[in-house]
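**Student:** Listed here are the chains, written in short residue letters.
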Amino acid sequence: GENVEQHPSTLSVQEGDSAVIKCTYSDSASNYFPWYKQELGKRPQLIIDIRSNVGEKKDQRIAVTLNKTAKHFSLHITETQPEDSAVYFCAASMGAGNKLTFGGGTRVLVKP
Amino acid sequence: GAVVSQHPSRVICKSGTSVKIECRSLDFQATTMFWYRQFPKQSLMLMATSNEGSKATYEQGVEKDKFLINHASLTLSTLTVTSAHPEDSSFYICSARERGSYNEQFFGPGTRLTVL
Numbered sequence: 002g003e004n005v006e007q008h009p010s011t012l013s014v015q016e017g018d019s020a021v022i023k024c025t026y027s028d029s030a031s032n033y034f035p036w037y038k039q040e041l042g043k044r045p046q047l048i049i050d051i052r053s054n055v056g057e058k059k060d061q062r063i064a065v066t067l068n069k070t071a072k073h074f075s076l077h078i079t080e081t082q083p084e085d086s087a088v089y090f091c092a093a094s095m096g097a098g099n100k101l102t103f104g105g106g107t108r109v110l111v112k113p
Numbered sequence: 045g046a047v048v049s050q051h052p053s054r055v056i057c058k059s060g061t062s063v064k065i066e067c068r069s070l071d072f073q074a075t076t077m078f079w080y081r082q083f084p085k086q087s088l089m090l091m092a093t094s095n096e097g098s099k100a101t102y103e104q105g106v107e108k109d110k111f112l113i114n115h116a117s118l119t120l121s122t123l124t125v126t127s128a129h130p131e132d133s134s135f136y137i138c139s140a141r142e143r144g145s146y147n148e149q150f151f152g153p154g155t156r157l158t159v160l
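Line by line, the protein sequences give chains Y and C.
Residues 2 to 113 (the working numbering) are what the first sequence spells out, left to right.
Residues 45 to 160 (the working numbering) are what the second sequence spells out, left to right.
Each hint can be trusted.
20 Å max Cα-Cα, derived SDA-like pairs, lysine to any residue:
| no. | chain 1 | residue 1 | chain 2 | residue 2 |
| --- | --- | --- | --- | --- |
| 1 | Y | Lys58 | C | Asn147 |
| 2 | Y | Lys100 | C | Val106 |
| 3 | Y | Lys100 | C | Gln73 |
| 4 | Y | Lys100 | C | Thr93 |
| 5 | Y | Lys43 | C | Pro153 |
| 6 | Y | Lys38 | C | Met89 |
| 7 | C | Lys85 | C | Arg156 |
| 8 | Y | Lys100 | C | Leu112 |
| 9 | Y | Lys100 | C | Gln82 |
| 10 | Y | Lys100 | C | Thr75 |
| 11 | Y | Lys59 | C | Glu148 |
| 12 | Y | Lys38 | Y | Asp60 |
| 13 | Y | Lys38 | Y | Ser19 |
| 14 | Y | Lys43 | C | Ser133 |
| 15 | Y | Lys38 | C | Leu90 |
| 16 | Y | Lys43 | C | Pro52 |
| 17 | Y | Lys23 | C | Gln86 |
| 18 | C | Lys99 | C | Asp109 |
| 19 | Y | Lys43 | C | Phe135 |
| 20 | C | Lys85 | Y | Gln7 |
| 21 | Y | Lys100 | C | Arg68 |
| 22 | C | Lys85 | Y | Val111 |
| 23 | C | Lys85 | Y | Thr11 |
| 24 | Y | Lys43 | C | Glu66 |
Calculated from the structure, these hints are not laboratory results.
Start from the sequences and build out the full structure, keeping to the hints where you can.
**Tutor:** Right, here's the structure in full:
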């Protein structure tokens with residue numbers, strides 16, 4: 002089955018700096034890659050997603066890039082703010098209603 | 045739109061008892077619902093996939109007789125933890141995919157189960 006690895010496990014950045022989280026996946030059939038933000042004790046919230054027919058997608062301060070050949074995708078957060086502090090999860094799916102496989106998560110701390 | 049609720053949000057029970065958790069899609073029809081378990085500071089681990097009107101598909105290592113899943117309607121799925129033990133204490137989260145949706149899952153707020 003699919004295996005998703007996520008790095009780093011923790012990330013501390015100064016407010017205003019950029020944060021980058023990287024994920025690799027094992028199954029070349031995966032074609033949907035969402036990113037979730039989870040605050041302590043809360044539900045995961047979808048922040049951005051990308052499909053395999055697209056190499057990059059941007060939404061304000063958040064962007065995701067996908068390299069299908071290398072089987073990795075990354076989340077980029079620019080101009081970080083304290084409210085960006087949370088745990089971020091990447092995931093991969095083979096689409097068409099298939100299940101999500103999650104990465105291990107990255108705990109992001111934005112220091113004011 | 046696309047709101048998923050869970051009930052209860054928190055439950056404490058004695059070892060050996062059974063606990064039922066409900067997951068509802070409030071404003072859409074969910075043909076598929078997923079149940080996850082999340083231990084502290086860990087990722088979401090899929091337990092089972094539930095399709096309306098059919099038996100759930102369990103992930104490897106998840107005991108189907110211990111974690112009973114029912115998806116009787118397009119808006120409701122239930123997870124029953126039978127004969128709960130302290131090691132079952134965890135955060136249980138459901139998600140739902142809307143009929144006709146290709147990929148996106150909407151998550152419920154989770155249920156914190158503590159077994160004494």
